[in-house]
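Top line first, the protein sequences correspond to chains R and H. Be aware that the first sequence starts at 4, since it is given in my numbering, and climbs by one per residue. Be aware that the second sequence starts at 4, since it is given in my numbering, and climbs by one per residue.
Worth flagging that the hints you see were computed from the coordinates, not collected in a lab. One or more of the hints may lead you astray.
It does not matter which identical chain is meant; a pair holds if it fits inside one copy or across any two.
[Unchecked claim] Here are the simulated lysine-lysine pairs, DSBU-like style, with alpha carbons at most 30 Å apart: (1) K419 x K548; (2) K548 x K532; (3) K280 x K512; (4) K258 x K512; (5) K273 x K512; (6) K218 x K512.
There are 2 protein chains.
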Amino acid sequence: MSISKWTLPLRGAHNPSSRAEGTTPGSFANAANVGGPLSFSSPDTPGMPAPSAKTAWDFLPDGWSRDATTGFAIAPAGFEPITQLEHARLGIVTPEMERVAAREAHLTPEQVRDEVAAGRMIIPANRTHLSYALDAMAIGRATKTKINANLGASPVSSGTDEEVEKMRWSVRWGADTVMDLSTGGDLDACREAIIRASSVPIGTVPIYSMIIGRKIEELTLDVILATLEHQARQGVDYFTIHAGVRRAHLPFVQKRLIGIVSRGGSLLAKWMLVHGKENPMYEHFEAICDVMRRHDVSFSLGDGLRPGGLSDASDAAQLAELETLGELTERAWRKGVQVMVEGPGHVPFDQIEFNMKLQRTLCHGAPFYVLGPLVTDVFPGYDHITSCIGATAAAYHGASMLCYVTPKEHVGLPKKDDVKQGCIAYKIAAHAADVALGIPGARDWDDALTKARAALNWEQHFALAFDGEYARALHDEDLDVDTDFCAMCGHDWCSVRISKEIVEFASGKAEGFEREKVIKSAALTEEQKRVLEQRGVLSPNEIHKLASKTRKAVDAEVGKGLCHSDFVEPEIAQRIQKDRLVQIRAKDEATAED
Amino acid sequence: MSISKWTLPLRGAHNPSSRAEGTTPGSFANAANVGGPLSFSSPDTPGMPAPSAKTAWDFLPDGWSRDATTGFAIAPAGFEPITQLEHARLGIVTPEMERVAAREAHLTPEQVRDEVAAGRMIIPANRTHLSYALDAMAIGRATKTKINANLGASPVSSGTDEEVEKMRWSVRWGADTVMDLSTGGDLDACREAIIRASSVPIGTVPIYSMIIGRKIEELTLDVILATLEHQARQGVDYFTIHAGVRRAHLPFVQKRLIGIVSRGGSLLAKWMLVHGKENPMYEHFEAICDVMRRHDVSFSLGDGLRPGGLSDASDAAQLAELETLGELTERAWRKGVQVMVEGPGHVPFDQIEFNMKLQRTLCHGAPFYVLGPLVTDVFPGYDHITSCIGATAAAYHGASMLCYVTPKEHVGLPKKDDVKQGCIAYKIAAHAADVALGIPGARDWDDALTKARAALNWEQHFALAFDGEYARALHDEDLDVDTDFCAMCGHDWCSVRISKEIVEFASGKAEGFEREKVIKSAALTEEQKRVLEQRGVLSPNEIHKLASKTRKAVDAEVGKGLCHSDFVEPEIAQRIQKDRLVQIRAKDEATAED
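Can you build the whole structure from these sequences, using the hints too?
Structure below.
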């Protein structure tokens with residue numbers, strides 16, 4: 004028998020070199036490379052819109068030109084660059100680009116600069132926020148996929164302290180940026196507190212503040228610009244501006260099952276209907292750019308007409324708005340402002356690639372920042388799951404940042420644990436996409452954990468796990484000693500153990516992943532104790548036993564090396580399995596003495 | 004401004020007629036249609052293996068022929084059909100096919116028969132289990148996507164009663180089939196109890212029973228056949244048989260990071276290494292078929308060499324085994340036995356389509372039954388999520404049944420709530436894929452819930468939700484009255500409410516989805532109370548208040564129609580929001596009097 008003629012087409016993780024087309028690290032002697040593609044992209048299924056041939060280089064401000072030798076831009080005399088985009092166009096590597104390259108091991112500072120110059124990457128870094136504690140990061144196809152956590156008090160729930168704590172908590176669980184979407188409480192104080200406390204970029208939807216104390220109908224250009232100026236001075240790193248919702252789009256909304264589900268979009272639609280005029284954010288887009296440029300606030304061009312159910316996905320309203328977002332991308336680039344574009348929230352799984360590829364076409368590669376999307380509507384309470392499925396596909400097919408959805412979506416304001424669950428679901432989506440796209444180094448983490456798993460090294464297994472505390476608690480629920488098997492199969496049935504014992508297999512023998520000679524299972528932490536209490540499977544007595552066990556409880560009874568068959572006879576391990584471990588699980592509390 | 008020139012390519016849910024190629028309901032006058040394709044499939048990205056040109060019709064038993072007029076098969080004289088496949092080949096519509104068509108509204112009994120005859124669909128229905136309470140169902144590309152829940156005691160945890168209860172619980176949460184994978188306790192009694200109690204097909208991995216009381220090395224053909232005969236008589240509907248792991252494949256396993264992770268696969272590998280002989284399941288495959296045919300037990304051809312980490316996915320071992328599974332599919336069809344094929348457990352997102360399409364090529368369209376796959380390895384404790392992402396992509400690209408993974412995967416044996424979480428994650432995956440594939444009617448459910456959501460009809464919203472009790476509990480955590488907004492945005496910011504108020508929009512006005520004139524929020528059920536207790540956000544006093552509120556508590560204070568702005572003035576709704584609802588959320592228990 005010969006090896007199968009079937010092999011995986013080399014287009015992903017196994018052939019990273021095929022993904023980093025164009026610019027090679029250190030190749031900047033060649034001017035032709037400036038603005039060339041550096042992307043990690045999925046193959047197109049037939050029928051997908053083709054990539055745009057243009058980049059931000061095609062939308063330089065009036066009066067700018069390009070140096071024929073270096074490829075970089077030449078600005079009019081006396082021009083002082085402010086934004087990362089302006090610096091990049093002039094060939095300048097900023098400290099923030101250096102920092103981004105340090106955080107993205109597969110990129111050089113020059114590659115970061117070129118991606119920013121091409122408009123395919125943004126570094127949302129308000130100069131005021133940089134003067135506090137902002138740690139610069141980047142969003143774009145060449146970087147690792149990012150996730151955003153939405154926070155903010157509503158008129159019905161929460162307050163400033165709670166939201167600052169949620170911000171810290173979301174960063175603890177991997178949020179790369181945080182949006183303060185407060186619509187209740189003291190909006191200004193909450194925003195200020197979050198910005199000052201945050202090391203990650205903060206985004207807002209300024210229209211929320213614009214209508215505090217007034218009706219949407221009363222919104223004027225002065226209010227818009229004054230609010231933006233105020234928030235920009237506070238240090239907000241990116242603004243969601245719903246400039247893409249136009250009067251002409253509203254008839255497309257009429258037949259939708261669930262109309263407009265974007266708060267900003269619905270407010271501006273109401274404004275346009277009341278006044279019979281065009282969206283002021285669209286009309287005065289250049290004035291808005293001027294405010295944002297002065298502080299290097301980036302655009303997140305809002306999708307006010309995103310679908311609110313599968314029925315409304317990819318419809319005329321959504322696609323017409325996306326076309327406008329492409330136009331606004333060009334207009335922002337001409338003003339030197341960084342841009343990302345927001346994308347849809349409910350999309351059937353088969354339509355996700357189309358949506359991602361169409362944005363690539365219309366917005367010339369500007370980073371796509373998508374909410375979910377949810378791939379079904381019928382699981383409220385589980386929308387962190389319905390949406391992280393869509394988010395994985397979105398990131399694989401073109402999105403650069405994923406806005407999380409929590410279990411509370413559609414039913415209420417997320418609490419702290421909802422924030423954690425949303426972050427974790429989205430870290431899964433982002434990392435799975437990075438592995439699939441072949442981002443260099445992304446899979447190393449998975450391989451390390453696989454090696455620990457193969458070695459039955461539980462300590463390393465949990466140390467490498469994204470939420471090792473939680474995994475350890477689940478493990479200890481059944482079996483609180485560090486055996487070379489787990490409760491799913493028990494000793495005799497552990498395929499991993501059997502593989503490891505087969506001498507000619509490499510499995511379980513990776514260097515640095517060996518089990519320690521003497522392994523002690525630690526007592527439960529408070530967090531682990533809480534996890535087991537919430538699961539409600541073990542009795543309080545059993546949990547107490549796990550949380551308070553001592554060295555004696557762990558190994559003294561056995562006398563040597565616990566029950567690893569590496570170090571004890573299989574018969575002893577099996578006896579432990581039978582006599583000791585089952586007893587730990589016994590429901591009769593009287594038998595579960597310490 | 005005109006409508007965008009961009010529109011979604013019509014290839015999915017919006018164009019169901021394009022998916023059901025070939026056989027049209029009621030078209031059986033035309034013999035050419037027998038065995039023709041009736042499939043719901045995703046478009047191929049470039050480089051994917053092409054579909055097989057063959058079906059089960061190309062692998063009839065010796066001595067069989069086809070009628071040139073009807074297209075159906077002609078068996079040798081005196082032949083008595085037993086299996087669904089044999090009946091289908093002879094043109095017979097069985098009561099089970101009738102039942103399947105009744106449960107799959109988009110299929111006729113004749114279409115079911117033809118799909119079974121072509122080998123693209125199986126009806127796992129042991130005749131003994133049919134004599135108890137089995138409700139016939141089908142697995143295949145033309146049906147809705149199915150999910151399986153794995154249960155079973157291990158030597159370390161659980162017992163028969165607990166497992167029967169888990170079976171009932173998993174069916175309650177949507178499991179279409181259940182596998183009893185017990186390796187501990189009284190295996191025989193547990194299996195018997197589960198089969199007798201179950202309305203869904205039961206699968207087993209008989210090798211687990213074969214080595215109880217003996218070492219794997221002692222396994223003989225007699226033991227294999229006697230065990231299969233015994234379980235077939237008990238009424239097991241499908242057997243996982245790891246006949247595809249061959250001696251020649253084992254060298255391909257040597258370099259893997261995590262060797263063999265299938266229990267059956269690792270046991271048989273050990274047998275082959277000890278004896279220096281070929282896998283007995285492969286050698287004696289026809290004898291196994293004979294036993295299974297007599298009871299109409301279906302094959303689930305096990306993937307003993309499935310990858311146990313991303314690093315080992317799509318490798319030579321896995322693909323060589325899949326090629327053997329294709330050969331075994333042909334051999335089973337020649338014996339008249341129904342077949343599905345098992346698929347991999349850990350696969351990077353970008354490799355899923357390739358794996359699905361290759362199985363379609365090699366196994367001639369036999370249903371693919373996949374475990375997950377997990378799209379990253381580093382989230383133990385959350386593998387119901389990491390794997391349901393892969394499962395959605397797998398079902399979209401070709402899988403017919405998804406084997407769930409629970410949060411306890413890799414760390415222990417699932418408890419009751421893990422079973423629920425696993426089932427729900429997989430119902431999400433299956434339904435999302437059905438919508439994406441354009442299975443007729445699949446999206447109607449989503450559209451109904453969207454209409455209820457647009458109408459702000461919470462009662463219908465929760466009634467339509469897959470787990471409405473849970474969604475309701477989350478909702479009531481913030482806001483225990485049935486308002487026309489929720490705690491996420493509050494009254495003034497509810498985009499859905501604004502859309503509904505725009506007269507010219509259809510949004511929120513669907514017939515049959517109107518809010519009732521007087522809406523009362525019911526008190527919490529015990530289950531909802533438990534949910535809120537576990538979340539630990541509300542004080543016991545607050546939960547008690549929600550669980551025990553009376554009609555008086557719900558509406559008497561307001562005097563009329565609660566706080567829907569449909570029925571009360573906006574000012575009153577806003578007062579409720581400010582004065583009443585925030586107070587409910589207050590942390591000070593003293594203020595939360597009933």
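Cross-check of the supplied hints:
Taking the shortest alpha-carbon separations for K419 and K548, both the intra-copy value of 28 Å and the inter-copy value of 22 Å come in at or below 30 Å. Taking the shortest alpha-carbon separations for K548 and K532, both the intra-copy value of 10 Å and the inter-copy value of 28 Å come in at or below 30 Å. In the homo-oligomer, the alpha carbons of K280 and K512 lie at most 30 Å apart only across protomers (26 Å), although the nearest pairing inside one protomer, at 70 Å, exceeds that limit. For the homomeric pair K258 and K512, the shortest alpha-carbon distance between copies (11 Å) is at most 30 Å, but the shortest distance inside one copy (62 Å) is not.
For the identical chains of this complex, K273 and K512 are inter-copy neighbours only, at 18 Å across copies versus 65 Å inside a copy, given an alpha-carbon limit of 30 Å. With identical chains, the CA atoms of K218 and K512 are at most 30 Å apart between copies only, with a shortest distance of 25 Å across copies and 67 Å within one.
Hint compliance for this structure: no hint is broken.
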